[in-house]
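Trainee: The whole structure should be built from the sequences, with the hints applied where relevant.
So the protein lines, in turn, are chains A and B.
With our numbering, the residue at position 141 of the first sequence is 141, and numbering never jumps.
If you count the second sequence from 1, you need to add 676 to reach our numbering.
None of these hints come from the bench; they were simulated from the model.
These numbers come from a predicted model, not from an experiment.
Distance condition first, Cα-Cα at most 20 Å in a straight line; then the derived DMTMM-like pairs of lysine to aspartate or glutamate:
(1) A:Lys592 - B:Glu847
(2) B:Lys793 - A:Asp596
(3) A:Lys512 - A:Glu340
(4) A:Lys438 - A:Glu422
(5) B:Lys816 - A:Glu197
(6) A:Lys282 - A:Asp585
(7) A:Lys256 - B:Asp776
(8) A:Lys267 - B:Asp776
(9) A:Lys597 - B:Glu754
Counterexamples of contact, computed for chain B against chain A with all Cβ distances above 10 Å:
(10) Gly721
(11) Gly740
(12) Leu922
Ideal Cβ positions, reconstructed from N, Cα and C, are used throughout, including at glycine.
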Amino acid sequence: MSKFFYAKLAAINIRKNARIYLPYLLTCIFTVAAYYMMGALSVNPGIDDLEIGSGSLRVTLGLGVWVVSLFACIFIFYTNSFLMKRRKKEIGLYNVLGMGKGHLSRMIFYETVYLAVISLVVGLGLGILLDKAAFLTLANLMQAEVPLGFYVSIGAMRSAVILFGVLFFLIFLNSLRQIHLTNPIELLRGGQLGEKEPKARWLLALIGAAMLGGGYWIAVTITNPVQALTLFFVAVILVILGTYCLFTAGSIAILKLLRKNRSFYYKANHFIAISGMIYRMKQNAVGLANICVLSTMVLVMVSSTFSMYIGMEDMMEKTYPRDMEFLFQGDSEDVTEIFEGKLEEILEQENAEIENVLSYTYLNTSAQKVNDRYIIDPSNQDNGMAVAEYCTITVVTLEEYNRIMGTQKSLEEGEILLYYPEEKNLDSVFPLGEEDWKVREQITEFPDNMQANVMMTTHIGVVVKDKETLLHIDQMRKWPGTEDETTTELESCYSFDLKDHDPQLEERISDKVTYFFSSLYQEVAENGGRLDMIRYYQKSQEEALVMGLVGGLLFVGVFLGALFIMATILIIYYKQISEGYDDKDRFTIMEKVGMDKREIRRTIRSQVLTVFFLPLIMAGIHTAFAFPMISRILQILALQNVGLYILCTVISYLAFVVLYSVIYMLTARTYYKIVS
Amino acid sequence: MSILEVNHLKKVYTTRFGGSHVQALTDVNFSVEQGEFVAIMGESGSGKTTLLNILATLDRPTSGEVLLAGKNVLSIRERELAAFRRDNLGFVFQDFNLLDTFSIQDNIFLPLVLSGKKYPEMKQKLGPIAARLEITSLLKKFPYEVSGGQKQRTAVARALITEPQLILADEPTGALDSRSADSLLRLFEEINRGGQTILMVTHSIKAASSAGRVLFIKDGEVFHQIYRGGRTQEELYQQISDTLTLIATGAAVASAANYLHVEGGARHE
Chain A
1 MSKFFYAKLA AINIRKNARI YLPYLLTCIF TVAAYYMMGA LSVNPGIDDL
51 EIGSGSLRVT LGLGVWVVSL FACIFIFYTN SFLMKRRKKE IGLYNVLGMG
101 KGHLSRMIFY ETVYLAVISL VVGLGLGILL DKAAFLTLAN LMQAEVPLGF
151 YVSIGAMRSA VILFGVLFFL IFLNSLRQIH LTNPIELLRG GQLGEKEPKA
201 RWLLALIGAA MLGGGYWIAV TITNPVQALT LFFVAVILVI LGTYCLFTAG
251 SIAILKLLRK NRSFYYKANH FIAISGMIYR MKQNAVGLAN ICVLSTMVLV
301 MVSSTFSMYI GMEDMMEKTY PRDMEFLFQG DSEDVTEIFE GKLEEILEQE
351 NAEIENVLSY TYLNTSAQKV NDRYIIDPSN QDNGMAVAEY CTITVVTLEE
401 YNRIMGTQKS LEEGEILLYY PEEKNLDSVF PLGEEDWKVR EQITEFPDNM
451 QANVMMTTHI GVVVKDKETL LHIDQMRKWP GTEDETTTEL ESCYSFDLKD
501 HDPQLEERIS DKVTYFFSSL YQEVAENGGR LDMIRYYQKS QEEALVMGLV
551 GGLLFVGVFL GALFIMATIL IIYYKQISEG YDDKDRFTIM EKVGMDKREI
601 RRTIRSQVLT VFFLPLIMAG IHTAFAFPMI SRILQILALQ NVGLYILCTV
651 ISYLAFVVLY SVIYMLTART YYKIVS
Chain B
677 MSILEVNHLK KVYTTRFGGS HVQALTDVNF SVEQGEFVAI MGESGSGKTT
727 LLNILATLDR PTSGEVLLAG KNVLSIRERE LAAFRRDNLG FVFQDFNLLD
777 TFSIQDNIFL PLVLSGKKYP EMKQKLGPIA ARLEITSLLK KFPYEVSGGQ
827 KQRTAVARAL ITEPQLILAD EPTGALDSRS ADSLLRLFEE INRGGQTILM
877 VTHSIKAASS AGRVLFIKDG EVFHQIYRGG RTQEELYQQI SDTLTLIATG
927 AAVASAANYL HVEGGARHE
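Mentor: If you want it as structure tokens, here you go:
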């Protein structure tokens with residue numbers, strides 16, 4: 001026998017089975033390309049040239065590489081198992097005709113090698129070509145300059161070859177295992193062994209419903225953003241598990257219940273639909289649950305990253321109201337004056353002007369809400385409490401407040417002005433620390449404060465009568481383990497916009513300012529004050545950081561979204577094919593027994609439609625329930641614009657519905673070709 | 677009164693691109709009387725299946741007519757065909773053609789459900805039929821859980837439950853072991869004695885010998901027929917066997933064939 005016999009046979013097999021091999025091959029190619037692109041992007045030196053937020057972007061892309069490789073493993077295995085099921089008959093025939101299992105193994109070995117080589121070569125080629133396009137898109141998303149040049153990452157290529165080499169080898173082993181475990185008769189009969197009717201597993205169905213309900217309940221009832229963040233994954237896991245349980249057990253339990261109802265069941269259309277659905281659900285439940293979970297992920301990911309991306313500007317404006325902000329922690333009367341003097345010198349040197357200056361002193365403290373009392377003394381706070389119970393309180397004096405806001409408000413001893421936008425109906429008494437403060441007025445505006453903005457907790461603003469009261473509140477705080485009563489959270493802030501928005505000028509100023517920080521410490525100490533710490537923020541830098549993160553997230557989100565959609569297409573395609581082969585026999589029997597061709601077509605169509613649009617509907621419901629939770633989490637990231645998020649979600653969902661329908665119609669054609 | 681009349685039936689298959697024509701039925705004429713049990717025999721490719729498909733209204737002839745209880749089935753409109761089939765014809769197939777998604781009971785109910793019958797009525801009809809076919813204990817099971825013989829009896833029950841004018845059986849013993857085949861044939865005879873008209877297409881001499889009349893088809897025509905008359909099954913078996921030998925050696929004994937040839941459309945006295 002020719003040395004190349006098996007090699008040839010393998011090639012012929014793949015060509016003859018093009019209907020099931022081509023989509024599989026395409027998937028492998030795209031997965032390889034996607035993996036390479038993600039890997040190459042994450043090490044692309046061009047990212048450093050983007051200058052903005054390259055660090056956070058690299059982290060995001062690196063994470064994306066992991067997601068893609070995990071996805072590749074699951075997905076290629078899933079499609080391969082489908083492939084083997086369809087080919088069992090053919091392999092059984094070879095076996096009966098006298099090919100031993102050793103020969104079969106050789107044939108399958110060659111097939112796997114062909115597939116692996118084609119996938120890797122074409123996939124890497126495609127990856128290299130598309131990589132540049134992806135990089136351009138990414139740079140564009142991040143509003144950065146695009147460096148020229150074409151980059152090929154040997155490292156990413158190597159890891160792609162290794163990952164997919166190992167994957168294909170495992171698939172080969174898995175195919176061998178299947179061949180060795182079965183005898184030729186079984187192989188010949190292949191997929192059409194008498195399918196057992198599935199049992200109704202009520203317990204599992206109920207557990208699934210409970211888990212789904214629990215996940216939904218968490219998502220809907222959480223009002224605190226920080227809690228939302230911590231419970232988000234609990235809710236996600238509950239919903240995913242619940243989805244799987246409901247699709248596998250719940251659907252069959254419900255269908256069986258319907259079947260028990262005789263007057264409902266024994267009607268021409270219900271009769272065929274229900275019994276058909278029971279079998280369809282048995283075969284497809286996991287695949288459908290997969291589609292449902294994948295779709296939900298795509299929807300949530302794309303809609304939230306999109307709304308973050310679009311809402312970025314707004315978000316940055318809120319968090320960082322000014323170009324530069326310097327914070328001096330400590331109790332000093334003249335730190336601001338000294339700083340201002342130095343700054344003016346620098347501005348003169350640089351021939352720059354500033355505007356929109358905000359300079360004030362305040363007390364910034366975290367408080368814990370226990371029994372409706374805001375405890376600010378850390379030694380009295382309960383460390384076991386959830387983060388959710390914390391809030392940030394900023395205290396300023398009336399004098400500062402009136403100066404900044406340009407108001408003429410007045411206060412008596414023991415009275416305060418309160419800024420607490422989250423709480424609508426407040427008492428006239430605000431229990432802060434050990435004391436009760438009379439709320440003279442609720443105010444709707446409070447000086448911007450970056451520190452409070454970047455904290456994830458609720459922000460409360462308090463205006464007190466004078467500096468003594470402010471210091472008195474400061475003194476309420478005793479750090480555990482320190483007897484030092486002079487510890488202070490008093491802070492002075494000096495922030496401003498540059499009149500001329502020149503990044504290089506901003507960089508020079510920031511360099512020069514930081515340069516004299518050490519002399520600032522000294523000078524304050526000499527004047528009898530104290531300066532514990534200096535922090536400063538530059539809006540442009542923060543913006544770049546967030547842009548890198550959000551732009552990267554959006555890119556990864558859309559990228560993975562595209563990959564997941566491709567997976568969905570393939571799952572649907574294979575489902576249509578396998579259903580087609582099963583339905584073909586049923587179709588003819590029903591016709592002989594006396595069912596109209598059009599009638600059959602209609603019932604089959606309605607079943608197929610139900611099966612394929614069920615996950616889409618479930619995904620919509622999941623997304624709707626995820627909505628309150630995600631919008632709370634986005635709130636932490638300072639995206640307050642809920643309307644924008646609603647719009648993004650609706651648009652994403654509609655776009656997905658359209659895409660899904662197109663996929664369905666395309667694959668349905670193959671299905672009808674098989675059936676008729 | 678004849679329940680089925682087939683006159684000058686002709687069927688020509690044209691290949692997809694109209695290249696060549698295959699004549700499956702040349703000129704078929706015969707009739708079946710009410711309460712008869714007729715077997716149709718013939719070699720592979722003699723046109724048996726084509727004939728049965730036309731009788732079953734699953735296929736249309738090129739020319740000729742089929743009268744069922746005096747009604748020309750070829751004039752029935754496409755959309756009414758399914759209902760016509762359901763109400764007037766019962767089918768028993770070689771490979772049973774049970775739906776694996778239904779229990780035995782639901783498989784039998786299928787034609788009734790399609791006709792919009794209510795559950796109590798169906799249940800009432802099922803009782804005696806299931807008892808007679810000895811499948812009462814299987815009703816809740818699924819096709820993959822029962823034997824071939826039991827599956828075929830289910831199929832018979834499904835054919836009987838609509839009380840059809842005519843039962844069409846296509847090689848009903850083909851997939852059964854000899855014991856199940858025997859019991860199925862006895863069942864057919866019994867049903868036939870109850871007044872049910874049966875038309876069976878078969879290869880098996882044994883199956884054919886349980887019929888009251890045997891038609892032989894060759895080259896798309898009714899070539900010969902044998903009436904059982906007063907003969908025992910063994911005698912009929914022998915005669916069928918002889919006739920088949922004759923057909924097989926056809927050309928050599930053309931004169932003998934001529935002598936035996938019965939003109940199409942010959943009526944039962």
